[in-house]
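Generate the whole structure from the sequences, applying the supplied hints.
Residue numbers (our numbering): 81 to 145.
One should not assume that every hint holds.
Unchecked claim - Simulated DEER-style distance windows between Cβ atoms:
(1) 93 / 143: 26 to 32 Å
(2) 139 / 94: 30 to 36 Å
(3) 98 / 132: 23 to 29 Å
What the hints contain is simulated information worked out from the structure, not anything from laboratory work. Ideal Cβ positions, reconstructed from N, Cα and C, are used throughout, including at glycine.
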Amino acid sequence: MDRAVRDFLNYLAVEKGFSPNTQAAYRNDLTQLITFVDRELTVSGTSASWSGTDKNTIISFILHL
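Structure follows, in structure tokens:
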């Protein structure tokens, strides 16, 4: 998951030209999401991956915020 986030953040900087503050906000939000997914999926015995992250996990994350 970390590699995908790094690639996405690089895309935001290089291809989209997003400001450093916007990049930092995305990094912060995605870091929180990864931490949440890692914790939730570890409890359920599933390894964390983007393909293993479904709509219910995202909804749970948003409610967690």
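So, going through the hints one by one against the coordinates:
no.: 1; hint: 93 / 143: 26 to 32 Å; result: holds (30 Å)
no.: 2; hint: 139 / 94: 30 to 36 Å; result: holds (31 Å)
no.: 3; hint: 98 / 132: 23 to 29 Å; result: holds (28 Å)
Hint compliance for this structure: no hint is broken.
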